[in-house]
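**Q** Sequences are here, hints too, so could you generate the full structure?
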Amino acid sequence: MRPIEVHRHEVVIVGAGLAGLFAGLHTSREFDTAVVSKVYPIRSHSGAAQGGCAASLGNMMEDRWEWHMYDTVRGSDYLGDQDAQEILCREAPLVIYECEHLGVPFSRTPEGKISQRPFGGHFSEFGKGPQKRACHAADRTGHVQLHTLYETCVKQDVRFYSEFFTLQLIFTDNGACRGIVAWDLRRGGLHVFHAKAVLLATGGYARAWKVTSNSHANTGDGLSLVLRAGLPLEDMEFVQFHPTGLYPSGILVTEGARGEGGYLLNDKGERFMERYAPQKMELAPRDVVSRSIQTEIDEGRGIGGKNLVHLDVRHLGEAKIMEALPQIHELALKFTGVDCMKEPIPILPTAHYSMGGIPTDTETHVLRNSAGEIVEGLFAAGECACVSTHGANRLGTNSTLECCVFGRRAGISMLKYLREDPCLPDLPQDAAEPARQRLQGLLEAKGSESAAGIREILQSTMTEKMGIFRREETMKECLSTVKELQERYKKVGLQDRGLVFNTELMEAIELGSMLDFVEPIVVGAIARKESRGAHFRKDYPRRDDQNWLKHTLAWKEGDSIRLDYKPVVITRFQPEERKY
Amino acid sequence: MIRTFRIFRFDPEKDKEPRYREYQVECPKGSTVLDALNEIKWRQDGTLSYRRSCRHGICGSCAMTINGKNNLACESQVETLKGVIWVEPLRSFPIIKDLIVDMEPFYERLKAVKPYFIAGTPPTDKERLQSPEKRKLLDGSYECILCGCCTSSCPSYWADKDFLGPAALLKAYRFVFDSRDEGTQERLVILDNKHGLWRCHTIFNCAEACPKGLNPTWAIGKLKQKVIREKF
Numbered sequence: 214m215r216p217i218e219v220h221r222h223e224v225v226i227v228g229a230g231l232a233g234l235f236a237g238l239h240t241s242r243e244f245d246t247a248v249v250s251k252v253y254p255i256r257s258h259s260g261a262a263q264g265g266c267a268a269s270l271g272n273m274m275e276d277r278w279e280w281h282m283y284d285t286v287r288g289s290d291y292l293g294d295q296d297a298q299e300i301l302c303r304e305a306p307l308v309i310y311e312c313e314h315l316g317v318p319f320s321r322t323p324e325g326k327i328s329q330r331p332f333g334g335h336f337s338e339f340g341k342g343p344q345k346r347a348c349h350a351a352d353r354t355g356h357v358q359l360h361t362l363y364e365t366c367v368k369q370d371v372r373f374y375s376e377f378f379t380l381q382l383i384f385t386d387n388g389a390c391r392g393i394v395a396w397d398l399r400r401g402g403l404h405v406f407h408a409k410a411v412l413l414a415t416g417g418y419a420r421a422w423k424v425t426s427n428s429h430a431n432t433g434d435g436l437s438l439v440l441r442a443g444l445p446l447e448d449m450e451f452v453q454f455h456p457t458g459l460y461p462s463g464i465l466v467t468e469g470a471r472g473e474g475g476y477l478l479n480d481k482g483e484r485f486m487e488r489y490a491p492q493k494m495e496l497a498p499r500d501v502v503s504r505s506i507q508t509e510i511d512e513g514r515g516i517g518g519k520n521l522v523h524l525d526v527r528h529l530g531e532a533k534i535m536e537a538l539p540q541i542h543e544l545a546l547k548f549t550g551v552d553c554m555k556e557p558i559p560i561l562p563t564a565h566y567s568m569g570g571i572p573t574d575t576e577t578h579v580l581r582n583s584a585g586e587i588v589e590g591l592f593a594a595g596e597c598a599c600v601s602t603h604g605a606n607r608l609g610t611n612s613t614l615e616c617c618v619f620g621r622r623a624g625i626s627m628l629k630y631l632r633e634d635p636c637l638p639d640l641p642q643d644a645a646e647p648a649r650q651r652l653q654g655l656l657e658a659k660g661s662e663s664a665a666g667i668r669e670i671l672q673s674t675m676t677e678k679m680g681i682f683r684r685e686e687t688m689k690e691c692l693s694t695v696k697e698l699q700e701r702y703k704k705v706g707l708q709d710r711g712l713v714f715n716t717e718l719m720e721a722i723e724l725g726s727m728l729d730f731v732e733p734i735v736v737g738a739i740a741r742k743e744s745r746g747a748h749f750r751k752d753y754p755r756r757d758d759q760n761w762l763k764h765t766l767a768w769k770e771g772d773s774i775r776l777d778y779k780p781v782v783i784t785r786f787q788p789e790e791r792k793y
Numbered sequence: 087m088i089r090t091f092r093i094f095r096f097d098p099e100k101d102k103e104p105r106y107r108e109y110q111v112e113c114p115k116g117s118t119v120l121d122a123l124n125e126i127k128w129r130q131d132g133t134l135s136y137r138r139s140c141r142h143g144i145c146g147s148c149a150m151t152i153n154g155k156n157n158l159a160c161e162s163q164v165e166t167l168k169g170v171i172w173v174e175p176l177r178s179f180p181i182i183k184d185l186i187v188d189m190e191p192f193y194e195r196l197k198a199v200k201p202y203f204i205a206g207t208p209p210t211d212k213e214r215l216q217s218p219e220k221r222k223l224l225d226g227s228y229e230c231i232l233c234g235c236c237t238s239s240c241p242s243y244w245a246d247k248d249f250l251g252p253a254a255l256l257k258a259y260r261f262v263f264d265s266r267d268e269g270t271q272e273r274l275v276i277l278d279n280k281h282g283l284w285r286c287h288t289i290f291n292c293a294e295a296c297p298k299g300l301n302p303t304w305a306i307g308k309l310k311q312k313v314i315r316e317k318f
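Here the protein sequences come in this chain order: H and P.
Quick note on this note's numbering: the first sequence kicks off at 214 and runs consecutively.
Quick note on this note's numbering: the second sequence kicks off at 87 and runs consecutively.
One side only, chain H facing chain P, incomplete, derived with CB under 8 Å: (1) I255; (2) H258; (3) H314; (4) T365; (5) K547; (6) F548; (7) L712.
DSS-like mimics (lysine-lysine), calculated; alpha carbons at most 30 Å apart, straight line: (8) K368(H) / K222(P); (9) K220(P) / K368(H); (10) K222(P) / K555(H); (11) K308(P) / K326(H); (12) K423(H) / K115(P); (13) K155(P) / K100(P); (14) K298(P) / K423(H); (15) K629(H) / K212(P); (16) K115(P) / K519(H); (17) K247(P) / K368(H); (18) K312(P) / K368(H); (19) K533(H) / K212(P); (20) K197(P) / K368(H); (21) K779(H) / K742(H); (22) K200(P) / K326(H); (23) K312(P) / K326(H); (24) K341(H) / K212(P); (25) K280(P) / K368(H); (26) K555(H) / K115(P); (27) K368(H) / K298(P); (28) K100(P) / K659(H); (29) K222(P) / K326(H); (30) K533(H) / K222(P); (31) K115(P) / K547(H); (32) K310(P) / K368(H); (33) K212(P) / K368(H); (34) K547(H) / K222(P); (35) K200(P) / K368(H); (36) K659(H) / K102(P); (37) K533(H) / K298(P).
To be clear, the hints were calculated from the coordinates, so they are not data collected in a lab.
Keep in mind that this is a model prediction, so the values were computed, not measured.
Beta carbons: idealized from backbone N, C-alpha and C, even for Gly.
**A** Here is the structure:
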């Protein structure tokens, strides 16, 4: 192995999706900023976001941030922290305008304003009528935001280390984070990045499921870094299943398709949402729609009795489809051979989004415990973080929004911190030792287990046993499978022992990340004896505010997970029953 | 159905020369070339190296040459490909390992055209206005995923490695024809030379190669017209 190279930057950002780039945009105005990403920035999964980014601009009809907040609070099944949710909705117009000023090519209204469209869970006047709140660029909103932010970072001379895989966080003796260790995938070799502030913006982790909308890269590496550093993760049991993934792969079909007027149909041709959400129908929040679809399938009303239903957009007409949903037309045609102008699209719910993650305060400081003590020098934003704006269930178009709002806040928060000129002590000699050992171990491992084989079992187990509907017994089976796979992982062996672009090594490290963070998901879900948002238990089908209106915190301690809880921040809206 | 894949292999740490290796892969209906590569990597040969991420044609990672044509592996349906399926790295980019090429020269060309929004002070608390008609001028360029299929397929780029190439020029179009952007003059200076617009000989390989159905040759034509109009 090459000698370890050491770099020094004032800010190091891990991850180059919307949150990481938004932060880098702000810090690079004053401080030397580096972005370390395991993929080239524009390959990040933010680019796959389709439908839109919510903000109460009121360009198409009257809207107010308070209405947006009410929808977000109710959508979160009251588990979101309302201080964070208020910030999300209040600052939404600001970040959308900032995106526009940076050049994002949004679709436009006839008057030339940013075009907005309806989306599930977003309403006017505190949950009453329909609302057009999703700012969009056709159905390629994440793509245009990601490219624009990257381009602006290039303009501002942000230093990018692309195709560098982060393996470890570096802390000082008094617990402040002062850097990372990363593996240069292309050349092979460890790099230490010494920094005053580190931001984790590593994205989501739905690759732990077999049927998923997520990129291969979404393996939750940032969460594993935090767990391994002895820090907690929050609300990991809340994982969103998007109602409309293409059958059978789970590739995303935007909720914008229903926002524009698409119907969901079962084998009998019924718009079955009438039974589950008679008022809001297909535009009820995602957890509600996914459960409805799964119920239809489980009760034998899937198309041809199989594991799918239909999404029908034919009645929107060719012009509307090509203007508002061109990518959906392309995806359905390329991946299922269905021309959505002539036939309905076969869909099934797909693992999509992680509401939980690295606990932070509203200034994006990573939290150490339920008392809210911060980890100095360490920040987190975007899907890997849990601030918590989404609580038990995220509304569509609130994720790219969260990346922008809290990515921006992370940038500003780090600016404030750096202006205080925190000290940067010399690195200990052996700062990179844990990463080096882990890597060396994998490169020399002669075990008989294949990472791909273990991953396949993990993914199908999570889809079968940690899906939309959960039960104590199956979750316990899931936990014992996870434990067994963690043991098998210790005996993993690689065929590729090279240093240059060893993607087999990368996949093995990613599997290690997944085996780390799935355990708190399962343990947290078994412990939470209620149903709330995306966490639905057949054995405890009701929400239980008396006992469970609280956030889960989970630490990895030895071979087990320790849980603790902290209260939910409630400011404006008291919990009430959720009906759509 | 079992299909034969003949795949370009090169390990810079072991091989002096590249070679081809054949694999037999069970490909159920609906399989893509990326599915087949994954099948090989995960069950037959862990050393096979390629980039991939989103697997639905938006991240642009898995561009490669499949039966002689550039495409995204994730969007290439196996059943549309005849005979033995040849999989090779993108042409004209330096090869790092197997199907992974060095994209840096490609990204560097892109940076040369100032691929970012250049504009004066925006309104303080609102968006800039842009009519739907003016916004429509960006259709066919803003969708580019920078996969490299076009530039790699361009004979002019093969002959002139200083040529900006179709992807960078399409990016330039995206800003020059954005009614909000004010950087047209400085960009046109960069484009108006023998390694810029004028190296394009309207061959249309780029348009044929683009997995997103975009037409860089057409956009280059529009930029050429713009340069001429501004000059005379």
